[in-house]
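Undergrad: Dock chain B against the given chain A, drawing on the hints supplied.
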Amino acid sequence: MERRKPLWRVILDELRRMEAEMNRVEEEFFRMVKEAEGMRKQITPLYNLYESGDEVILTADLPGTSKEEIDLRVGEDYFRVEAPCKSPVRKVEEGKYVLHVRLPFKIDPQSVRARYKEGVLEVVAKKKITGFRVKVE
Amino acid sequence: MESQEYYREVEIVEVKPIDEKGFVFIEGFPDIGLVGTIAASYLVDKLKLEEVGYIDADTLPPIIAVRGEKIQELIRIYSGRRLVVVTSDIPLPASMIKPLGYRLMEWAKSKDPELFLCLSGLPEPNRLNIDKPGIFVLGSSPELTEKLVQADGVSKFRDGFIAGIKGVLLKEGMRMNVNTAIILAQSHYNYPDPGAAAEVLRYLSKLLEIEIDVAPLLESAEELKLKLRDLMRRTDQMMQGIQKSKELELPPVYL
Chain A
1 MERRKPLWRV ILDELRRMEA EMNRVEEEFF RMVKEAEGMR KQITPLYNLY ESGDEVILTA
61 DLPGTSKEEI DLRVGEDYFR VEAPCKSPVR KVEEGKYVLH VRLPFKIDPQ SVRARYKEGV
121 LEVVAKKKIT GFRVKVE
Chain B
1001 MESQEYYREV EIVEVKPIDE KGFVFIEGFP DIGLVGTIAA SYLVDKLKLE EVGYIDADTL
1061 PPIIAVRGEK IQELIRIYSG RRLVVVTSDI PLPASMIKPL GYRLMEWAKS KDPELFLCLS
1121 GLPEPNRLNI DKPGIFVLGS SPELTEKLVQ ADGVSKFRDG FIAGIKGVLL KEGMRMNVNT
1181 AIILAQSHYN YPDPGAAAEV LRYLSKLLEI EIDVAPLLES AEELKLKLRD LMRRTDQMMQ
1241 GIQKSKELEL PPVYL
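From first to last, the protein sequence lines are chains A and B.
Be aware that the first sequence starts at 1, since it is given in our numbering, and climbs by one per residue.
Be aware that the second sequence starts at 1001, since it is given in our numbering, and climbs by one per residue.
For reference, chain A alone in the conformation it holds in the complex:
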């Protein structure tokens, strides 16, 4: 007769099944990223988008380029970054960084400032504040 599995084993097996499912979804994501990069020689950089008070901050990891070569475009609700990516050691072009980030709110494009330091691009913009002031009673 088959021995019953202990409870910890049942729970662990279920957790592992869930982990395998999550891995499958992640794997699909990584495959699509790599295939897209391979097809177009376009690299999606690692990036973060933060909201801090009335500012929006985008940082993107762009090693192998220079501030002169970064093409940064800003609209009321997007940031777009393009830059060549060159291997500093092998001196060959690896591809082109392309990053298009749609923002969940409007910004003032005139307020944008950007800097590039140690391979990381930082873009800071002020949010467009619209609306009326309401007196609190």
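In short, the hints are calculated from the structure, not lab data.
Note that the Cβ used here is the ideal one computed from N, Cα and C, for glycine as well.
Treat each hint with caution, since some may be false.
Stated by the list, open to error - Straight-line distance between alpha carbons at most 30 angstroms, and here's what the computed DSS-like set of lysine-lysine pairs gives:
hint: 1; chain 1: A; residue 1: 86; chain 2: B; residue 2: 1132
hint: 2; chain 1: B; residue 1: 1046; chain 2: A; residue 2: 91
hint: 3; chain 1: A; residue 1: 5; chain 2: B; residue 2: 1098
hint: 4; chain 1: A; residue 1: 126; chain 2: B; residue 2: 1246
hint: 5; chain 1: B; residue 1: 1132; chain 2: B; residue 2: 1227
To be verified - Counterexamples of contact, computed for chain B against chain A with all Cβ distances above 10 angstroms:
hint: 6; residue: 1014
hint: 7; residue: 1152
hint: 8; residue: 1153
TA: Below, chain B without anything else, positioned relative to chain A:
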């Protein structure tokens, strides 16, 4: 005990047995800014450490690494210069972390180590404005922490959370009475950070009295960041699964 079976799923294989006692163990599993991974791999390369074993587990994906026509294990153990260094080519699956932490510390204890060091990054949102990342240390005992902060410019890690394999190793080291410590450098959270790794290496150089020239690491930082982008992307996914962002918070205080 049944739960021991859970821990036995991780296998540590010594291809060339480490017979001597009193070595310093160093682990550099991938996490924040890949700081530990970059620092540990640099040590292996620069000190020309020899591959002496590997770690295997059912939960590891069925992958092999091939470098220069040579097949390699994913999690490798190196030794030499009275050091034992463990590195991994992939982020650890979440379900492997606890059994690996237990087994690795149990194995290290059997070798009577002088010290077990976990290398990592301390997530610093303001990293871009920091030219020289600060070093923070936490030992498995207050006495050990005191000893480790004697070097200049090193601070104690006072409050916060440590998630993942580093936290498990520190806890197991404390439970098993092995002198264990975590060395953290202020780092980008999810961008490879060779600058932070260089600071960890400078600290190790003083602590272990081993000459480690970090200039080549800093010179090739951009190239390294390019090469490590995929590992960082995968590590970022893994970190989301183990509440690594908790390291940006402070533990609750109730009075």
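Undergrad: Now tell me if each hint is right for this structure.
TA: Evaluation of the provided hints:
| no. | hint | in the structure |
| --- | --- | --- |
| 1 | A:86 x B:1132 | holds, 26 angstroms |
| 2 | B:1046 x A:91 | holds, 24 angstroms |
| 3 | A:5 x B:1098 | holds, 21 angstroms |
| 4 | A:126 x B:1246 | holds, 28 angstroms |
| 5 | B:1132 x B:1227 | holds, 23 angstroms |
| 6 | 1014 | holds, 27 angstroms |
| 7 | 1152 | holds, 24 angstroms |
| 8 | 1153 | holds, 20 angstroms |
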